[in-house]
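Asker: Here is what each chain is made of, one letter per residue.
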Amino acid sequence: MIRIANGQGFWGDWLEAPVRLVERGPIDYLALDYLAEITMSILQKQRQADPRLGYARDFPPLVARIAPHIRERGVKVIANAGGVNPIACAQEVIRLAPGLKVAVVLGDDVFPRLDEFLAKGYEMRDMDTNEPLSQIRQQILSANAYIGAFPLAEALATGADVVVAGRSTDTALTLAPMVHRFGWKPDEYDKLAAGTIAGHIIECGAQCTGGNCQVDWQTIPGMADIGYPIVEAEPDGSFVVTKHHQTGGRINTHVVKEQLLYELGDPKNYITPDCTADFTTIRLEDAGPDRVRVSGIRGGPRPPSLKLSISYTAGWKATGMLVYSWPQALAKARAADRIVRERLQQLGLSFEEIYTEYFGVNACLGSAAPPNPDPPEVQVRIAVRGPERKAVDRFTRELIPLVLNGPPGATGFGEGRPPVREIVAYWSALLPREEIATEVHLVTQ
Amino acid sequence: MTVPLSRIAHTRSGDKGDTCNIGVIAWEERYYPILLREVTPERVKAHFGALVEGPVERYELPNLGALNFLLHRALGGGGTVSLRTDAQGKTFGAALLSLQIEVSI
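Going down the list, the sequences are from chains A and B. Note that our numbering has the first sequence beginning at 3, numbered continuously upward. Note that our numbering has the second sequence beginning at 3, numbered continuously upward.
These are computed hints drawn from the structure, not numbers from a lab. Remember, predicted model here, so these are calculated numbers, not experimental data. Positions of the beta carbon are idealized from the N, C-alpha and C atoms, including for glycine. Keep in mind that a hint or two might mislead.
[Said to hold, decoys possible] Which stretches of chain B does chain A cover? Using the computed rule of at least three CB atoms under 8 Å from a CB of chain A, they are:
hint : stretch
1    : 6-14
2    : 33-46
3    : 50-57
4    : 83-89
[What the hints assert, rightly or not] Heads up, simulated DMTMM-like pairs for lysine to aspartate or glutamate below, C-alpha to C-alpha not over 25 Å straight-line:
hint : chain 1 : residue 1 : chain 2 : residue 2
5    : B       : 92        : B       : 44
6    : B       : 47        : A       : 130
7    : B       : 18        : A       : 39
8    : A       : 187       : A       : 238
9    : B       : 47        : A       : 118
10   : B       : 92        : A       : 379
11   : A       : 309       : A       : 118
12   : B       : 92        : B       : 62
[What the hints assert, rightly or not] Facing chain A, a subset of chain B residues (Cβ under 10 Å, in silico):
hint : residue
13   : 17
14   : 25
15   : 78
Modelling step: build the complete structure from the supplied sequences, incorporating the hints.
Answerer: Okay, here's the thing in structure tokens:
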């Protein structure tokens with residue numbers, strides 16, 4: 003049995019979580035997921051500004067903080083913290099934690115090869131809209147192929163203490179130690195599917211240990227010290243989801259079910275670079291306090307294509323807010339929205355979209371919100387999006403004047419004029435997997 | 003009698019681009035047939051009204067006593083393009099809990 007923990011569900015997750023995972027009990031592998039769909043584009047911009055950047059900067063100091071546990075207890079760290087610059091990330095790890103053996107996995111970054119792919123006739127159509135990539139070619143900021151567990155397992159086989167990858171899938175970080183330690187082969191579909199589902203359960207950190215959980219949420223103990231998840235994996239593909247003793251949170255079958263359903267598509271066809279997993283074969287059982295046993299998982303072969311994660315610039319947006327107080331708070335907020343729209347029209351400004359929400363009334367739930375006819379206060383939030391920065395910038399000047407020249411009782415404008423933000427949008431496409439070759443390198447100073 | 007969905011199920015929701023998914027999980031196995039009968043794609047679509055522009059699909063996971071709904075074109079363009087506060091559909095699951103369903107308990 004091997005213990006694989008997840009200490010980071012996204013870049014920006016709780017900084018203490020990975021430290022407590024190595025301090026509070028036994029684990030063999032610490033998986034850290036840093037990359038959301040949009041993170042790669044942010045990192046790409048950082049690398050353009052400084053060629054030594056482009057990775058998750060929280061990661062090297064974290065490794066330095068837990069280095070004694072890595073050295074003394076042999077805990078291995080696997081992270082997709084490399085972003086668009088895994089080598090620079092690995093070098094910084096070595097600088098801050100000298101003596102550790104660090105491997106990087108390369109080959110996911112296909113940004114320099116896009117024109118070669120287009121010339122070969124790969125249209126790389128968006129998986130949602132079916133538009134060809136050529137349509138946004140000039141706006142592209144980054145392009146990476148999602149890579150699976152086998153290149154990461156190859157990196158573990160070098161004996162590295164720390165494995166740094168770029169755009170590996172979230173589930174691969176958990177599956178890789180199983181492939182490495184249990185010697186699973188690419189055609190052992192059921193086992194790969196089991197390891198993939200283990201990864202799906204823990205890839206969002208505390209979301210499977212009581213975080214963001216509707217199951218008796220008010221009685222979940224010790225949320226301030228919530229334990230992050232650990233998978234106890236067996237060579238046959240079965241596993242237990244648990245957490246360290248005397249940490250907060252809760253794990254039972256209902257909590258795990260919520261996370262199994264999180265961001266799920268077709269449950270019979272959960273596709274990764276490693277296999278296809280069938281969520282309708284999962285068997286769950288409570289196996290003691292804060293322990294859920296998972297078994298019975300079936301899977302199928304890996305797909306012939308890899309998914310590409312491409313980011314591109316897509317215009318500008320800004321969001322402004324004002325607060326109106328009782329009486330007639332909602333009526334005043336609605337009037338303010340009408341006035342702003344009329345003034346934008348008078349200025350001849352047009353946008354792709356103007357969207358208005360009323361906090362306290364319907365901002366989250368829209369038409370499904372329960373009625374609240376006379377709220378004591380309402381925050382109106384107006385957002386615009388368009389291709390011209392100038393028009394969006396002009397919009398940001400139209401809110402605060404309402405304090406003096408609009409309906410009575412506006413406040414909450416202390417933040418001043420809202421910022422204009424460039425939109426970096428996400429494009430996903432498929433590419434034959436033969437086009438992607440990964441490599442493992444050991445990085446020394 | 004008529005009760006809110008929250009009496010027999012809990013939910014979690016999230017996003018994939020402009021598609022919102024909602025997992026609906028029966029509190030007890032014996033409630034799963036009620037979910038199957040009452041929580042149809044048509045009723046989910048109607049519950050969210052104008053918020054969901056595209057079709058609603060339903061997948062069944064009898065092994066978990068759960069249904070998975072995909073609400074297409076539901077997040078104002080999704081991701082960073084969306085102008086909504088809840089561009090990731092985090093609150094859609096809780097919103098579905100007020101759906102009124104028929105039970106004979």
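Asker: With reference to the structure, classify each hint as holding or not holding.
Answerer: The hints, checked one at a time:
Figure legend: the stretch 6-14 of chain B, annotated as covered by chain A; annotation consistent (3 residues with Cβ-Cβ distances under 8 Å, at least 3 required). Evaluation of the coverage hint for the stretch 33-46 of chain B: breached, as 0 residues show C-beta separations to chain A shorter than 8 Å, against a requirement of three. For the stretch 50-57 of chain B, the stated coverage by chain A holds: 4 residues have a C-beta nearer than 8 Å to a C-beta of that chain, and at least 3 were required. Counting residues of the stretch 83-89 of chain B whose CB falls under 8 Å from any CB of chain A gives 5; the rule of at least 3 is met.
A hinted pair counts as satisfied when its Cα atoms are at most 25 Å apart, and residue 92/B with residue 44/B qualifies at roughly 21 Å. With a C-alpha separation of about 20 Å, the suggested pairing of residue 47/B with residue 130/A holds against the 25 Å cut-off. Using a Cα cut-off of 25 Å, the hinted pair residue 18/B and residue 39/A holds, with the two alpha carbons roughly 10 Å apart. Distance restraint check for residue 187/A and residue 238/A: the Cα-Cα separation of roughly 13 Å lies within the 25 Å cut-off, and the hinted pair is therefore satisfied.
With a C-alpha separation of about 43 Å, the suggested pair residue 47/B and residue 118/A falls outside the 25 Å cut-off, and the hint is violated. With a C-alpha separation of about 24 Å, the suggested pair residue 92/B and residue 379/A falls inside the 25 Å cut-off, and the hint holds. A C-alpha spacing of about 17 Å is found between residue 309/A and residue 118/A, which places the hinted pair at or below 25 Å, so the restraint holds. For the hint linking residue 92/B to residue 62/B, the alpha-carbon distance of about 21 Å falls within 25 Å, and the restraint holds.
Among the interface hints, the one on residue 17/B holds; its C-beta lies about 7 Å from the nearest C-beta in chain A, closer than the 10 Å criterion. Hint status for residue 25/B relative to chain A: holds, with the closest Cβ pair at about 2 Å, below 10 Å. The interface hint given for residue 78/B is met, as the beta carbon of that residue sits about 7 Å from the closest beta carbon of chain A, less than 10 Å.
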